[in-house]
Amino acid sequence: MSTRLARGGRRIDRSKRVEFTFNGKRLTGYQGDTLASALLANDQMLVGRSFKYHRPRGVVASGPEEPNALVALGDGARMEPNQRVTTTELFDGLSARSQNHWPSLEFDIGGLNNHVARFLPAGFYYKTFIHPRPFWKHVFEPVIRQSAGLGPAPKDRDPDTYEQVYAFADLVVIGGGVAGLHAARVAGAAGLRVLVLEQTAHWGGRSPVDGGTIDGQPVQDWIDATLQVLEGMENVTLRTRCMAAGIYDHGYMIGYERLTDHAPAPGMPRHRLWKIRAAQVLSATGAIERGLSFPGNDLPGVMLAGALRDYVVEYGVSAGDRTVVVTNNDDGYRTALALKEAGLVVPAVLDARPEATGALPEAARAQGIRVETGRAIVKVMGGKRVTGIGVGLQAGEGSILEEIACDAVAMSGGWSPVVHFWSHTGGKLVWDEAQALFRPDPARAPVGADGLPNQAVGGAANGALTLGAVMTDSHNAISEVLRRLGKSVSDPAPAGDAPAEAPLHPVWVMPQGAGSKLKSKMWLDYQNDVKVSDVQLAAREGYESVEHTKRYTTLGMATDQGKLSNINGLAVLSDALGAPIPQVGTTTFRPPFTPISMGAIAGEARGDIFQPLRRTPMHAWHEAHGAYFEPVGHWRRPYCYPQGGESHAQAVHREVTATRTSLGLLDASTLGKIVVKGPDAGRFLDMLYTNMMSTLPVGRCRYGLMCSENGFLMDDGVVARIDEDTWLCHTTTGGADRVHAHMEDWLQCEWWDWKVYTANLTEHYAQVAIVGPNARKLLEKLGGMDVSKEALGFMDWADGTLAGIPARVFRISFSGELSYEVAVPASRGLEFWEACHAAGADFGATAYGTEALHVMRAEKGFIMIGDETDGTVIPQDLGLGWAISKKKADYLGKRAQERVHMTDPTRWQLVGLETLDPNERLPDGAYAKASGTNANGQGNTQGRVTSSYMSPTLGRAIAMGLVLNGPSRMGEVLEFPTVDGRVLSARIVDPVFYDKAGEKQNV
Amino acid sequence: MLILTCPYCGLAADETELSPGGEAHLKRFGPGSSDDEFTGYLFHRGNPRSVHFERWRHANGCGKWFLAARCTVTLEVFGTYPAQTTEPPAAILDAIRAKRPDWEGRA
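Residue numbers (this note's numbering), protein chains in the order written: chain A, 92 to 1094; chain B, 31 to 137.
For the record, the hints were derived by calculation from the structure and aren't laboratory data.
We put the beta carbon where it would ideally sit given N, CA and C, even for glycine.
Take these hints with a grain of salt, some might be off.
As the list claims (entries may be wrong) - Among the chain A residues that face chain B by a calculated CB cut under 10 angstroms, a handful are:
1) Tyr339
2) Gly539
3) Gln839
4) Asp844
5) Lys846
6) Ala987
Said to hold, decoys possible - Here are a few chain B residues that sit away from chain A, every Cβ distance over 10 angstroms (derived from the structure):
7) Pro37
8) Glu106
9) Asp124
10) Trp133
11) Gly135
Said to hold, decoys possible - Here are the simulated DSSO-like cross-link-like pairs (lysine-lysine), alpha carbons at most 27 angstroms apart as the crow flies:
12) Lys768/A to Lys977/A
13) Lys846/A to Lys94/B
14) Lys978/A to Lys57/B
15) Lys519/A to Lys129/B
16) Lys578/A to Lys129/B
17) Lys985/A to Lys57/B
18) Lys1087/A to Lys880/A
19) Lys979/A to Lys57/B
Using the sequences and the hints given, assemble the complete structure.
Listed below in structure tokens is the structure:
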């Protein structure tokens, strides 16, 4: 069993007990424990179930590479799934639950999958759920969805807060091990602005566990001394619990700092996302140990040798009393020695190499540890944890020579440099044959904006695996970085000293001659249950690319992203393909290094400040008068103003009726208002609009259409000629910024010699639409200017004063009623709006919202950008040919509208639609049925609904739509199937439903 | 996230300040052009695995459009220049050729 040892544990404070729960069971650990060490100390070896076969899973690693021990951490809204126990620091009250099992961790029904594993090979999903077709939707998918995913997602809003900071550095050092600390000290002494990111809570990495000396000092003493120097440097920033998450273009980096995960503190931000610009980045990220692929290597109790050693030395925790070490390198012996020193039993070290004569194996022998070379583990005994192993020949097929009883296995397959950050921005790797590892290729480094290398790698991350090599390599790397930054190095390289290590012997399958039965028990990816046999099957089925094999088998696709399994997996693939490892290559390393919280990514941008809100000067009035708002771009516009318990539909009905019968007031301030001015402004607008704007007389308004260069209608609005060289272009609310950018694009990039200036004045003016038969009376009551039919005719505009406020009055109508749009300075918008309501009280002046606006425009057959248009509609489709100049040689979109598809007579055309049942409203977007089916067996269509409303004015449902040959099919009835299975019949009619002669607006 | 120097205001701007505008130096074809010319102008874009000339607007800055020569593989920037030109300036071309002797020129 795993337990807490009587002594040892550098990280823990035995005087401070910490209480926590696992699956509701109350357990205790010590201050300084990780959740992993505390669970092991409580003999909780079994911590989860694997994804596919629901096999029992125990802790296998001691760091971020852990694939197995994922738990749901916290409760309620704070519950977070898939948290690695190895990187979770223990705190009082921590609550963790295991995942992916039912009904319990110990007894799991899904484990039945394990017994049919033979029928769940690689690519199982791709092969199995094809036929019969209906089964996918009704049987397979629901079942797969039920069993997919590891932990459950939290359901409530995250109550914690998060923050983000920006940082700039000459050098970011990733990793605070001995290599990183040395590099930081050298760079700091050279005066550089240095930021050091260490993902754990401790400096020094794993060197203190592995031992040795630097410059004659024990490693920990050297770390303490170096830290003291660094802390005295003002130009050096040190952050622990801060993981580099990714490196992006031109030295941009993301750091992920866990501020209070280890000690929850209400009111404090939980995580901090660092957004960093670094001139240079030095990865001192160390290496991750690889497992060995022997049959039964996934049983709880089989752990990485380095991790086992960490638990003993750092936390005083043993995984078992009797631990067999299996290795292909000298480093594995360190674990045997550490266990022995802790008073534990190491029945044997099984070394796959033919001989082991290095300093570490000799030290093990000198301690009386039995060392067997050329040996392999060929069997692991036990159910939910290891009870023993079978020893065989590494060169053999798996015959058991001897059985050894044990309760833990320490495996070491060598170390893989953490090359992730080098690879994030395109740095290439080279296969180091002697050490059997990929390391960064200095000749193909990632580059910055200037095309020169902006990253370096030092220490174990660069393949320098012994302490002496680590320090030399770190020094070389920082020297190169300083050279790039124009600085020189004065200090000598520190001398690291540790026992020499003999070369490892690559072992990808153990034993070498294992048959298919044994290979189907050799796990590569523990979390996703990918075995040696799966990768070999993929190769047999023709998957040659490592990227394809990854997706087919799901190797390395789990939350650990293959930190343990990738190299072993691609080595197996390379062997199956008969291709050398460097030729097979690695899959792509992508950020983040380990998962980071969505909260940190969102930062403060949530709730009310998720995005900026634009408010008109009258916004507060709308709120005070019960407006129901709808978002239009970043604006909030009143949709309607429900009064005294009205439904929205009732409010819209009231607003439309009041406007049509007397007087309605609309806050139209959000409409885009762009001034275009200059000697060439008329010429420019003639290019921008489909109709002629240069001929518009001063004092007049004209409705205009704007198309993109590929002919599609993008915006519309009324243009007013202000003076000889000035036009004011109104745009849609959502289109103002886009249209202004569109204008600037053409002016700056195509017609840059034209003398035109544009300015977006949208927020400079508040605008009020005064609409209805009593509109003129209201203006007269406000007083200050002549608004008679003679002085201000339809489509005229005039400057003047209304109610003492400077005003520009446009006599335009989007409702078909007598209508004025009045623009006043934004600062006086509310005052004017309130004056309109006060003076209009006699006429029952009614504020109306966007829905009433929509209904009234539809009653008149006016199009709405975004309803009748969707980016595939041209003005000709909408019966707007009258707004397209035939005289102009060119305008944006003209050439495109001459293309064959644009002139096709079968393009759907705008019509009105009246349901035969006047109380039945057509659904927006409904399609009109046509006879026959298309190539996919789907019913043909001959039109669709673009707008649909209940018209209070007409007392019936009305709609607009685009229909094949529509304008020539007046009176025909079309059928529109609805999603609830009914079919609505509607007659094709003229799209102008109300006041076809246009008499009401022209009074 | 790229950094490009706006040639108008001289700022080294983060990509969040910029908006992209696709390939630079397109020749506009309007009415009277052939279908091939027009579709070529409107739709056919270079996608070189090397130096690309592209349009950027300092949208959250001075508002000006400018052009950039950037390697699509390494993201190396050879220079930025005002949009009011139909051809890349000689200095930019020289900078590219100095670093990429085998560059085949603009596609």
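### Message
Given Lys846/A as an interface hint, is its Cβ closer than 10 angstroms to any Cβ of chain B?
### Response
14 angstroms, violated
### Message
Can you verify the interface hint for Ala987/A: is its Cβ closer than 10 angstroms to any Cβ in chain B?
### Response
Constraint on Ala987/A satisfied, holds at 7 angstroms.
### Distance rule for Asp124/B, whose beta carbon must clear each one in chain A by more than 10 angstroms
Non-interface label stands for Asp124/B: nearest chain A Cβ at 15 angstroms, farther than 10 angstroms.
### Pair hint Lys519/A and Lys129/B, alpha-carbon separation not exceeding 27 angstroms
Holds, because 20 angstroms separates the two Cα atoms, which is no more than 27 angstroms.
### Query
Per the stated criterion, does the least C-beta distance between Glu106/B and chain A lie above 10 angstroms, as a non-interface residue requires?
4 angstroms, violated
### Query
Regarding the assertion that Pro37/B does not contact chain A, is the least Cβ-Cβ distance greater than 10 angstroms?
12 angstroms, holds
### Query
Would the stated hint for Gln839/A survive a check requiring a Cβ distance to chain B of less than 10 angstroms?
4 angstroms, holds
### Query
For the pair supplied as a hint, Lys768/A and Lys977/A, is the alpha-carbon distance within the 27 angstroms limit?
Holds, at about 25 angstroms.
### Consistency of the no-contact label for Trp133/B, given chain A and a CB cut of 10 angstroms
13 angstroms, holds
### Query
Does Gly539/A pass the interface hint, meaning its C-beta sits closer than 10 angstroms to a C-beta of chain B?
Holds, because the Cβ-Cβ distance from Gly539/A to chain B comes to roughly 8 angstroms (cut-off 10 angstroms).
### Task
Starting from Lys979/A, check that the Cα of Lys57/B is at most 27 angstroms away, please.
Roughly 21 angstroms separates the two Cα atoms, so the pair holds.
#### Entry: Assertion that Gly135/B lies outside the chain A interface [Cβ separation over 10 angstroms]
Its Cβ never comes within 10 angstroms of chain A, the nearest being 18 angstroms, so this holds.
Checked against the numbered hints given earlier, this structure breaks hints 5, 8; the rest are met.
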